[in-house]
Every structure is written in C-alpha cells, then in structure tokens.
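First to last, the sequence lines map onto chains A and B.
For the record, in the first sequence the residue sitting at position 102 is 102 according to the working numbering, with numbers rising by one throughout.
Numbers in the working numbering are just positions in the second sequence, counted from 1, shifted up by 1000.
The hints are simulated quantities; they were obtained by calculation from the structure and are not laboratory data.
It is possible that part of the hints are untrue.
[Stated by the list, open to error] Pairs of lysine-lysine residues, derived as DSSO-like cross-links and limited to a Cα-Cα distance of at most 30 Å, are as follows: (1) B:K1198 with B:K1281; (2) A:K196 with B:K1258; (3) A:K31 with B:K1308; (4) A:K145 with B:K1258.
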Amino acid sequence: MHVVVCVKQIPDPAAPGSLRKDTLTLDRSGKLVMDDSDSYGVEMALQLASGVDGSEVTLVSMAPGSETSGLRTALAMGAADAILVSDDALAGSDALSTAKVLAAAIRRAEPDLVIAATESTDGYTGTLPVQVAELLGMPSVTFAKRVSTDGTTIKVERQTEAGYDDVECPLPAVVTVTAGVVEPRYPSFKGIMAAKSKRIDVLGLADLGIDAAEVGSRGAREEVLDVADAEARGGGEIVVDEGDGAQRIVAFLEQLKVI
Amino acid sequence: MDRIWVLAETGEQGPTPLTLELLAAARGLAPRVEAVAWGPGTASIAGVLGEHGASRVYDVGDLAGALPGAPVAAAMAALVERGERPDAVLFPASYDGRDVAGRLSVRLDRPVLTNVTGLSVRDGSLVTEHPVFGGAQIVHARFTGEGPGIYVVRAKSFAAASAGGAAAEVVAAPAGDVGPTGAARIVERHAEEASGPKLDEAAVVVSGGRGLGSADSYALVEELARLLHGAPGASRAIVDAGWVPYSHQVGQTGKTVKPTLYVGWGISGATQRLVGMKGAKSIVAINKDREAPIFSVADLGVVGDVHKVLPALIEALRSRS
Ligand SMILES: Cc1cc2nc3c(=O)[nH]c(=O)nc-3n(C[C@H](O)[C@H](O)[C@H](O)COP(=O)(O)OP(=O)(O)OC[C@H]3O[C@@H](n4cnc5c(N)ncnc54)[C@H](O)[C@@H]3O)c2cc1C
C-alpha cells in the first residue's frame, strides 16, 4: 500500500503571525517548520503502513524557496521519501490553486491512500483535502477519529454532530484526521540521521504541466480588501481568591439571574 | 445580488440552527433565497425552510448511506449547468458543509472563502468578514472572478429569524452517478449520550482546560454544568490529551458558542480559543495566573486554584437547591 501524506510547512506558530501591509498576505518569510497538525497524519500513515505488508509512506508538500526543513522532520519520523513543489509563481495561491498543484503532485505518486490534516494551523480553510479528492476523482472521509485498513478498503470512525459514524470506503481514498487522534512519535536520533539522505523530489510547475498564469497571485480569484482591528471586549473585575472565590462567583451568577 | 443558495442541513429536529442562520443572512442580501437539501425528509422541512425565507428547496434525495460531499456537490453543479445561476452559495461550517463546498469548488472551478463571520454588499459585490489572529483583527475579502461565489460561514455569525413565508417549493435535483467519488458509505451511526442542552445552543457553557490537572477533574466541570443547566465544554489542549471527546471543543477548530454565560476553569485563553467564545454575554474565568489572557475578556476573573474554587462553588450551589 502506498500512502501519501500532505505536509504543510509553515512559519513557526509560536512566533506571532502578521499580515504583510503591502500585499495583505500572510508573512511567510523566515524559517518554516512542519505544521503540527500534520504530525498526526504522518503518524497515522506510518501506523497504517506498518499494518499492511510492502507499504510505504511518501510526503507531498508545496512550499516556497525549496524549503525542506519541515519535510525532514516527517522523514525522520519514518516516511520513505517526499515530493516538494516549489515555484516562485505559486506565491499568493488560493486554496483551490494549491489543491490543483498538490493533486498533480500526488497523482504522480499513484497512492492508495492520501492522508491530510483537517485544516492547517496558519490558513485553516479546511477545504483543501476535499478539493484534492475531487480533483483526483477519489472518495474522501473527513474528520476521522480512528482509521484502519487492510490495503483495499478503509474503515473510519468519523466525527459527527451527535457522536460518530462508522464509514467504509474502498481505496484509493482521501482521509483527513484531526489533532489528537494518534500520538505522534518523536523522531529518533537514528531517524534524524537517516532522514538526511532520504530522497526529496523538487518539482516546478512546468514538471506538473500546470500553467503559471492559473495559480499564484496571478491566478487568484479572491482579494483582501482591508484589515481592521476588531471591536475589543473590555475586561471586567478581577479578584484574587482568598477563600471567597466561590462566593464571589455565586454573587455574580445571582446578579445575572442564572441562579 | 439577486439570488443566493443555502446548503440546508437537517438534524434530528429539522434544519440545523446554522442552516436557519444562513437563511436569515441570505434574506438580508438578496431577494431570492433557495435551499439545497438531501435526505429522505426534505418535503417535511419545506415548511420551516419557507418560513425562514427559502422560496424553493432543491431536493437531492436519499443518499442511501453515502457521505453527502460528492453527490450533493454533483447535484448542485448539475443545476448550475442546467442554467440555474445563484450569485452566491452559502455553506454551513460543519463537517458535511465543508465537504460539499470543497467538492463544488472543484466542479465549478471557483475558489472558496471559508471562516466567514460576516457578509455585506459593497459596490454590488459580496464582501466577507474573517476573524484573524484570534479575532483581534477582521479581514474583509471578496471574489474577483466569475460567480457563483462559494462561502463557508461559521456558526453564530447571524441570528436566525422566521420571516413567515410560505412553504418552499420542492424541486427534485438528483445527483446522478458520481462514480468512485461517492463510494464512502456510513454503515452505522453512533450518538454519544448527551444529557442537558447542546454545547452550541446552551445558555450556559462551563468549560475546562489543562489547568484542571487531570481527566478525572473534568467530572467537576460536568457537575457544575449540570447544576447551571448548561453544557460542558473543553479546550483543545484537553481534547488533544484525550480527556474529553472532540465534540466538546470550543474554539477556532471546535464549536463557536455564544451563551448568556460562559465559565472557564484553568483555561489560558489562547487566541484560537477566544475566537470561539468571546461572543458570550458574560464571561467568568478562574485561573491561577493573574496574567492569563482570558482575564482580558472576563467580566469576572478569579485568580485562584480550580481545585479549591470549583469544589467550593459546586458545594455552594448544591446547598442552595
Ligand atoms: C490552528 C489552531 C487551532 C486551535 N483551535 C483551538 C480550539 O478550537 N479551541 C481551543 O481551546 N484551542 C485551540 N487551539 C489551541 C490553543 O492555542 C491553546 O493551545 C489551547 O486553547 C490551550 O488550552 P488550555 O487553556 O486548556 O491549556 P493551557 O494553555 O496549558 O492553559 C492552562 C491554564 O490553566 C491555568 N492553570 C494551571 N493550573 C491551574 C490551577 N490549579 N488552577 C487554576 N488555573 C490553573 C494556567 O495558568 C493556564 O493559564 C488551537 C491552536 C491552533 C494552532
């Protein structure tokens, strides 16, 4: 079974995000790291692959400047190799353009299973994996809490409003996982060393047969008009609990007529 | 803006609250509002949809267990191909809503604007509002290409309101064969046992975070929620840690709540959290750290240990009843 995991490399979320004033796009300068949300997908892929003989995990990523540091992290966890799409013309791509690029790259890997995070940490549009599935002509199961496979079908517990659904789906298919569904492993020292020599294919738009005019800021069909500060909600009274904290809350609830 | 479609999702009690919110939003923007629904009971919800402003409902029909993403998107694309031209399509930011939106986006080759929390018309085009950086800033955006625009709207962005219209006209809109894309099937449904009000509809939400220290302490949050006739919520940190199911999560990646009262125990109030609850009318926060960001939005903040204040509060409320 060949499993592809979509891995996004993003600016370190610990550093405060900002919008570039000139272009009103997210500032992506600086070092990129693997989106934490994707570590769950990578772990899920490795676990599923280990249960089916002859399986392998390939990473697919689109990032500026041939950035590979995030991919190395996922390779160190145990993925076999990676495909990276990097092209200056991709800057400013909307989610649909990104999905077209990723779908073209994924198609080359001929996967049986594609795993992605439900949404990314920095963009969180949450539609990209399903767009990729539609472009690839595959079924998709989003919001997976638990996944198992025998290499020909997948069984998924899918989150719902009321609880969860047992969903079955033939492969090839796209699955999205939410954070916390598995415990991502820490790369071992051996893994980190091995990752250095693992293969990363770097592709440009021409390699994928995609017209540069259709993607990136040239192809984007949405625009940011302006950015405004939101109405701030003022803070209220702050008290230090001196053994009377609960009583203060009771008094407040009475005032609100909640009790 | 002449015509807007709304994806209508049905729950156990008819159209979901978010569906009705979207109908209200659409009504404020365009004279003609139509819904798209699926499932065996579309005819039975035509009345409610009409009351909330839909003049027509396209019925994709029973999906026989298939996940709705592919077939419903295919049915909508087929309508557009047949010449039905909405200017905008509004989708609920729900599990299935996002699936249908993503697939329709590819079918029509139109991008999607997601995490929409406001809509208005400026110079004839629809302008969206998106909270960024935890709602500290609002981005306004719009589509520049050919329509229809596809929008995924967050819960509680608009207030649902009945307009008193007649039942919507039901028009069949079958999906046709969607091939392998429609192959994912629900074989069994499980409802988690929930007593009390739903998290996103409750007037009181009592939430717990990592400051509770352990999964066991979450029982105290549930107990307080019960005493206040509210629903228990959770931060992502304790959902990720496996203390409580994802359905309890409040925030950017969880549920948006807008209760009369929100009480947070041992929650730091990260930006991604605040975006999901700062619409609450009153906020009470208990945290041992005076500098916790949640205090900046709290009407009453108690600097203290949850393990002392929470049991004492439960005791005090119990002795009153
Ligand atoms: C893309 C993205 C999406 C996210 N979506 C969400 C979301 O939907 N919802 C969400 O909640 N988070 C979300 N997060 C995570 C968010 O950034 C925070 O990490 C999370 O909310 C922190 O949870 P917490 O407050 O329980 O834990 P912590 O941040 O660890 O805070 C624990 C708090 O408890 C206090 N405390 C500790 N012990 C005690 C005690 N004995 N008594 C009183 N107080 C105590 C501490 O002072 C601290 O303030 C998201 C993050 C990202 C990157």
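Against the structure, the hints come out as follows:
no. : hint                 : verdict
1   : B:K1198 with B:K1281 : holds (18 Å)
2   : A:K196 with B:K1258  : violated (49 Å)
3   : A:K31 with B:K1308   : violated (44 Å)
4   : A:K145 with B:K1258  : holds (26 Å)
When the structure is compared with the earlier hints, violations turn up for hints 2, 3 and for no others.
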